[in-house]
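Residue numbers (the numbering used here), protein chains in the order written: chain A, 1299 to 1555; chain B, 3 to 252; chain C, 10 to 235.
One should not assume that every hint holds.
What the hints assert, rightly or not - Taking lysine-lysine and the BS3-like style, the derived pairs with C-alpha atoms no more than 25 Å apart in a straight line are:
id : chain 1 : residue 1 : chain 2 : residue 2
1  : A       : 1473      : A       : 1487
2  : B       : 85        : B       : 121
3  : A       : 1333      : A       : 1483
4  : A       : 1473      : A       : 1483
5  : A       : 1418      : A       : 1370
6  : A       : 1352      : A       : 1333
7  : B       : 121       : B       : 56
8  : B       : 144       : C       : 141
9  : C       : 222       : A       : 1409
10 : B       : 121       : B       : 144
11 : C       : 146       : A       : 1418
12 : C       : 146       : A       : 1352
13 : A       : 1352      : A       : 1370
14 : A       : 1431      : C       : 30
15 : A       : 1333      : A       : 1431
16 : A       : 1431      : C       : 42
17 : B       : 52        : B       : 144
18 : A       : 1418      : C       : 222
19 : A       : 1431      : A       : 1409
20 : A       : 1431      : A       : 1418
21 : C       : 222       : A       : 1352
22 : A       : 1473      : A       : 1370
Hints are computed from structural coordinates only; laboratory data are not their basis.
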Amino acid sequence: MNIQTTSTNAVAVRNVFKNYGEVEALQDLSLDFPKGELTSLLGPSGCGKTTLLKIIAGLLPATSGEVIVNGKTVSGPGPDRAFVFQDFALLPWADVIRNVAFGLELRGVAKTEREAIAEKYISNVGLSGFEHKFPDQLSGGMRQRVGLARALSVDAEVLLMDEPFSAVDEQTRRKFQEDLLNLVKHENKTFLFVTHSIEEAVYVSDQIALLLPRPSRVSEIIRPGGFRDKDVDSIRRDPEYLDIVDRIWKSLRSYVE
Amino acid sequence: MKLFGYQLPAMSSLLVWGILWEAVGQLELTFFLPALSDIFVTLSEIYSTKPFIKALTETAQAFFLGTFFAISIGIPVGILMGKNRLIDEILLPWVNVFLSAPLTALVPVLMVLFGFGLKSIIITTALFAIWIIVLNARAGVKQINPSLVEMAHSFGASPMDAFLKIYFWAALPEILSGVRIGFIRAVKGVIIGQLLISIVGFGALFELYSQQFLMSHFWAVLLVLFALAFSISEFLASLERKVAYYAAKR
Amino acid sequence: MSFAFPTFLESMEALWILTVKGTIFTAYAETLKPLAVGVLISAFLGVGIGIWIGLSRTFDWLVSPIFVVMQSAPLAALIPLLIMVYGIGMTSKVFVVCIMAMPVIVLNTAGSVRNTSVSLIEMGKSFLGTRKDIILKVVLPSASPIIFAGLRLGISAGFIGAILSELKITPTGVGDIITYSRSIADYPSMYAAIFSIIVFAVLFLNVLERIEKRLFKGSNNEFVKD
């Protein structure tokens, strides 16, 4: 049965349960992700945010409940969703251009065509000139950019990012966050972003879903407002930004182990 | 693998193969494979007989003496190599050579130098086992986290204390792993020694039974040997597992 | 020691004579025949079985224990049995090489296939890779370094098998030179032959190791099982 999502929601999660044997990872979770926006899933360890993301991606089956993406119920991975992995998941034996084109390769796109598309996104993420380097020759930040370019190349409507910046150093991470803001502005996609960093979530998101563990549930939805249009350098000193960060920390504090 | 929802234990398919073997034997499909039950019967008949016990003691003697030498020489040498660059540079190439060399080819040399007796077999056994023990002991020492060394210094530990309380345990997982592989190689060594050098121990029994086509006897002894080798290996693996809890996080 | 321990020079002289007479070359040809055949069979069968084990839990449950037992068992003990069944010809020798080489090849292949990074497989699935695609483009390339290392160890074990079968089954090739020289107390020749086979094996395996390092640089190498 296809549920009509409202035209403003790209992804709708309805009453999703996920059990691992006796352990209840997700309990009756329902959430909407507005189209064209970046929504963060923010919460402490063990709150099930990566599990939820993978269920939406179709990489994990939900025990019950359903996920609807652009009007269609999810039953596995699909061309409408692309995933960016926390540990980059690059093929160590393939060069950058093959890695970026890999999603297209698996879809049967011809070599010249897919390499042309890959070239474009390689330059979009700022890696021009590195096409024939191998992952072990790249820094962590560059590797993640390859992962991002790969996800962008398949031109999916929904981009799922699993703590994409947690494996790089702080400075690179800040740069990534700035670049991400630009990306959201210019690409006509819906972004689902998992993070455990409060500052990061408030910085990049149009909407933050606060997840709490045991049992996993959505405790709050926050929409950071006014500072979104400021330039990237001023956001981190904006009073509203600092207020929201503080508020969230107070909510989450008691759940830190 | 799950059957009717129950997780089957790891080596349980051996039961299936055992049943198959029994069937093959009962149907007398080949002369060379008697029924498993017959083999067990033969085993129960011979295990208390003098020739068998003699063979077992001879083999065990050679095996344990050989491994004793391999361990008591190999571990210290490996540790020395791990700690001292000069010794390492001199000895490492040789260790690597003998690790990959077909040691079987050296057995005739041993026969010529040390005669046809137990001595040669013990030396063969030791030679088969020692190289991997040396290499792993060296690796164990080399990978000791420098922070641990600094910590020992900063708390004023004496060299003996440092060795016994820190370095030994830090290197233990690798050393145990080397000993386990060494033991398996030693078993191969003692058998190859017995097949080539002098016909004693289990090697003698194999020769005897095969020449007289006593298949049940042959398989009985073979199974005993395999079972022993496997048990020793598993015992050492269980020791390794006991220290595995900290092995990955050193 | 004794007269049985000739000087290095004497042995080298003997080696030289063997080379010049061409004896050493015919000997190696003889010895390498069952080795080559055995290794090729072991490689194809071994890698094939290993991949199957790595991909299928059922097949793993059924077949792995056999190879695990073979790994720790002194397979040389089976040689008298093989002689009984297959006589003293080439077949036995090939068999000996195979039983020595296969376990390590199978277990390493199976292990590396089974331990393919979950993250990479998930990535393949997320980009809509079919099962065949994922096996060919992710699992096998990822497993190659260890498969290759397993092959190298298998060849090393095969060498032992080849020499063992020559010393025990029928004297041919290099084993024959060793046994014969010993029996006529021509110790320099015996040492020469032994020296040559050890050098040959070590060099060969070293070359393989270098090729392996060059082919697979940049891949993360997990621990290879002996």
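inquiry  = Hints numbered earlier in the text: which of these fail when held up against the supplied structure?
reply    = Result: hints 2, 5, 8, 9, 10, 14, 15, 16, 17, 18, 21 and 22 break, sorted rising.
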